[in-house]
Every structure is written in C-alpha cells, then in structure tokens.
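Visitor: Model the placement of chain B on the given structure of chain A, informed by the hints.
Protein chains: 2
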Amino acid sequence: MEINYDNVKVIGFDADDTLWINETYFREAEKDFSKLLSRYETVNKIDQELYKKEIKNLEIYGYGVKGFVLSMIEMAVEISNHNVSNKTIEAILNIGKDMINKPVILLKGVENVLNILSKEYRLILVTKGDLLDQERKLNKSGLIDYFHHIEVVSDKKEENYLKLLTHLDIIPSEFLMVGNSLKSDVLPLINIGAHSMHVPFHTTWIHEDVSDIEQTTNNYLTVKNLSDILKVLN
Amino acid sequence: MEINYDNVKVIGFDADDTLWINETYFREAEKDFSKLLSRYETVNKIDQELYKKEIKNLEIYGYGVKGFVLSMIEMAVEISNHNVSNKTIEAILNIGKDMINKPVILLKGVENVLNILSKEYRLILVTKGDLLDQERKLNKSGLIDYFHHIEVVSDKKEENYLKLLTHLDIIPSEFLMVGNSLKSDVLPLINIGAHSMHVPFHTTWIHEDVSDIEQTTNNYLTVKNLSDILKVLN
Chain A
218 MEINYDNVKV IGFDADDTLW INETYFREAE KDFSKLLSRY ETVNKIDQEL YKKEIKNLEI
278 YGYGVKGFVL SMIEMAVEIS NHNVSNKTIE AILNIGKDMI NKPVILLKGV ENVLNILSKE
338 YRLILVTKGD LLDQERKLNK SGLIDYFHHI EVVSDKKEEN YLKLLTHLDI IPSEFLMVGN
398 SLKSDVLPLI NIGAHSMHVP FHTTWIHEDV SDIEQTTNNY LTVKNLSDIL KVLN
Chain B
218 MEINYDNVKV IGFDADDTLW INETYFREAE KDFSKLLSRY ETVNKIDQEL YKKEIKNLEI
278 YGYGVKGFVL SMIEMAVEIS NHNVSNKTIE AILNIGKDMI NKPVILLKGV ENVLNILSKE
338 YRLILVTKGD LLDQERKLNK SGLIDYFHHI EVVSDKKEEN YLKLLTHLDI IPSEFLMVGN
398 SLKSDVLPLI NIGAHSMHVP FHTTWIHEDV SDIEQTTNNY LTVKNLSDIL KVLN
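In the order they appear, the protein sequences are chains A and B. With our numbering applied, the first sequence corresponds to residues 218 to 451, in that order. With our numbering applied, the second sequence corresponds to residues 218 to 451, in that order.
Extracted from the complex, chain A is given alone in its bound form (with noise of 0.2 Å):
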C-alpha cells in the first residue's frame, strides 16, 4: 500500500542530525571528558558511567548541552571519589561552552530541500533541545527563513505531538514529521495517525546496506538523504 501524503499541510523537520551534525560533538566532548578522568578510570568505564548518569538526571535536566554539562561535573565528583581538582571542573564547563558555541554543518542537500518545500508547505522545527541553542543554531545554519517557527517540546512522545497538534490547529493525516531518530520522529507519530519520514543520520548507514528509499512497514518511508524526500513529495 503507497502512503499518501496529499493531506499534508504543515512538515516538521527534527533538527539535529536531521538539517545539521550535532551527535558527533556530543561523541567529541564524551571523548574529551574521559581523557579528563583518565587517572581515576578507564574510557570504557566513564563513557559507561557518564551514561548512566545522563538516563538518571534526564528527569531533572531534559535535554540539551547545560544538563549534560552538570551531568560530567556531577560524576567527575563522584568516580574521582571527591578528588577531582578545580582545574578539571574549569575544563568540563568549558567542554559545556565549546559545544555551545559550534559551528553549524548542514547535512547534504538541506538548502534545496527546504527551499523548495517552503512553497508548498508550512515548515516547522521541532525540538527537545534548549530552544536558545537551537534559536541560535538556526540563526547561523542560513534557514532562518524556511521555517515559519521553532517548536519546542519537552520530550517527543505521543502526548508531546498530539498537543503540537492542538496547537497548530490540525488534524493528524496533515502533519508529517521528518528526522533521524525512530524512536523519536518516526513512532509516535505512526501510532497516533501522522506521517513520517525516517532519514537516518549519516553514522547509522554504515553498518546497514538499504536502498535510496525503503518502506520498512505500510506506514512509513526510510529515506537514505534528505533530498529523497522530494521524489516522495513532489
């Protein structure tokens, strides 16, 4: 059965990892952090740990760069038994600006993309992150323009997006959103009667061999690059 997306008023397009590269900085500063705590443990065991910390104080924090930040420091105090100096501290936090502060590196094809379905659609982002960052990622990344508002939720479940849809004032089958988490961007929406369109970031395709565009189930498209969206679409 081919998905139609005639209905489609209003695409909502994931930011990071979807238009621009952002896990690699998360990767780059975990790398970083762990050379930092070298003397206490072993990278496996820190990046292990950090992790772990991260899952427990998502609750607290949410998401985004500040949370992580004080989520190192936190577990710097611990692992190093209350023995991690000031100078590492000063090093975390400044780990925390130095990703703030980031160039932005659109992903393939973005510009066009955008450019030509904000003709025909009303293009939204939608974010768990901190909406300053992604404000200010959107401000240097060019596509300010493209996009009639940055949406904000706190979390991106079922409950999160029927509320979006409350909030602009449509029905599930005129809503499709675009991004690279399943979990994330694809589920939620198939289960509450959106579209979706899995555009998995660039890392994940190295360990798997799928065609331009695939459809895993009768519900949605994996597409290989964002401008595959346009053969679908258009």
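Hints are supplied without guarantee of correctness; some may be wrong.
In silico EDC-like pairs for lysine to aspartate or glutamate, Cα to Cα no more than 20 Å straight-line [claimed, not checked]:
(1) B/Lys269 <-> A/Glu307
(2) A/Lys380 <-> B/Glu258
(3) B/Lys273 <-> A/Asp315
(4) B/Lys357 <-> A/Glu376
(5) B/Lys400 <-> B/Glu271
(6) B/Lys314 <-> A/Glu295
(7) B/Lys304 <-> A/Asp372
(8) B/Lys380 <-> A/Asp386
I should point out that these hints are in silico values taken from the structure, not numbers from a laboratory.
Guide: Below, chain B alone, put in the same frame as chain A:
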C-alpha cells in the same frame, strides 16, 4: 484615554512570579550559595560577583536553573582561587536539583482569574524559562487545563513577541500580555502595539504605594493583584 480591550483574543501570561512564586527560591539559593563560600569572601561580594557571572553567561546559557547552577560552579572555582572542595561542588549541584523540585505555590487569586478568563479567551503561557521546568511547574500547579499551550521564548524582546504573534496568526491589538516584569512583559508589547497589564510581584509593592488599578501611561495598566484584571476585562 481609556484603553480598549475589545479586540483581545489571546491572553499571554508570564509564569514565574506572575502565577506562582519563583524569585523567592532564587534568593534562597543565593543565600545558601554565599554560605557555602563564606570562608572565601563576604556575602555581599559573593552576591555581586555571582550576579556579574550570571549576566556574563546569560548570552550562552540563557534563563533558567541549569545556567544558574553552571554560573555558581564557575564562580565558586574562581572566588576560591581553585580551592573549592568537591563537597561544595556537590552541594551547589544539589541547590539546583532542590530548586527544580520545589513546590509550586500559586499567587493570590490566580486559579479564579484563569477559570473565568479561559471561558472567553485563548490563554497561553509565555515564558523564557526552561520548557521542561515550566511544564513541570504547570503540571504541579493544577492550572494546565486553562492553557492552550506553553510558548517558550528565548528572550522577551520586541522581536520575540512579533514572532509569537506571527506564530499565533493574530495582530498586535488582539494580544494582551500579563506579567510582573515591566522590561519583559510590558514595554516590548506596548512598543509593538499590543496590550499589556503589569502585575508587580509582591516584594516590589513593599516600596511602592499605588491604588488597586493605575494607568501609568496611556498605554498600559498596573494592577495590584491578578484578580483586578477581571474588573477591567469584564
């Protein structure tokens, strides 16, 4: 000249210190912080330096508890000449977590006002805080059903409000903003031709002697309690 609110369709409410207590928790946190560092400096000096640090970091961290905690940690390292203990760093992290978990204490008359106004107007929450924090507070407050949605803005300047109006698809005269901050909730609105009502937080009122409703200029009203809005709008 009396102000005419006949066109108003959407009322935006500031959250912190307009609907519930917030500033008080920041003042308490600052007091706890200066106690933790009292071996290094006077309370007065610590207060001043923390304020400077917050302002300096505002551009990078934005508003909210997480940026405040990161500024406290940076300050602690600096003011102690890199001698602050890991226990103190931990205590600062806990000040932040405690702040995030504080109970939500509604200001006088809030529920009644929202209940009445929500029958005639679309109410939204307009905040420059952290979305996750504000959603959590709104959930705790029991007020969630009165609001159509939360608008998070990275700042409350004219350009942010203009974007918000575009997003809401309304013209300035159809919007009324209610809040405790002249700088954030009143003046930018007046400058773009929208409506605003000023409800100063109680601590401000100790030093001022005004009647219940006062028209400071031709453009906006200052009211003593949120309930006074009903006298004007109904």
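Visitor: Would you mind marking each hint as holding or not holding in the structure?
Guide: The hints, checked one at a time:
Pair hint B/Lys269 plus A/Glu307 holds up; C-alpha atoms about 18 Å apart against a cutoff of 20 Å. At most 20 Å may separate the alpha-carbon atoms for a hinted pair to count; A/Lys380 and B/Glu258 exceed this at roughly 48 Å. A hinted pair counts as satisfied when its Cα atoms are at most 20 Å apart, and B/Lys273 with A/Asp315 qualifies at roughly 16 Å. For a cut-off of 20 Å, the pair hint linking B/Lys357 to A/Glu376 stands: about 17 Å separates their Cα positions.
The straight-line distance between the Cα atoms of B/Lys400 and B/Glu271 is roughly 18 Å, inside the 20 Å bound, and the hint therefore holds. Only pairs whose Cα atoms come within 20 Å are accepted, and B/Lys314 paired with A/Glu295 is accepted, the gap being roughly 16 Å. Distance check on the hinted pair: B/Lys304 and A/Asp372 sit about 32 Å apart at the alpha-carbon level, beyond 20 Å; violated. In summary, the hint linking B/Lys380 to A/Asp386 is supported, as the alpha carbons are separated by about 18 Å, within the 20 Å threshold.
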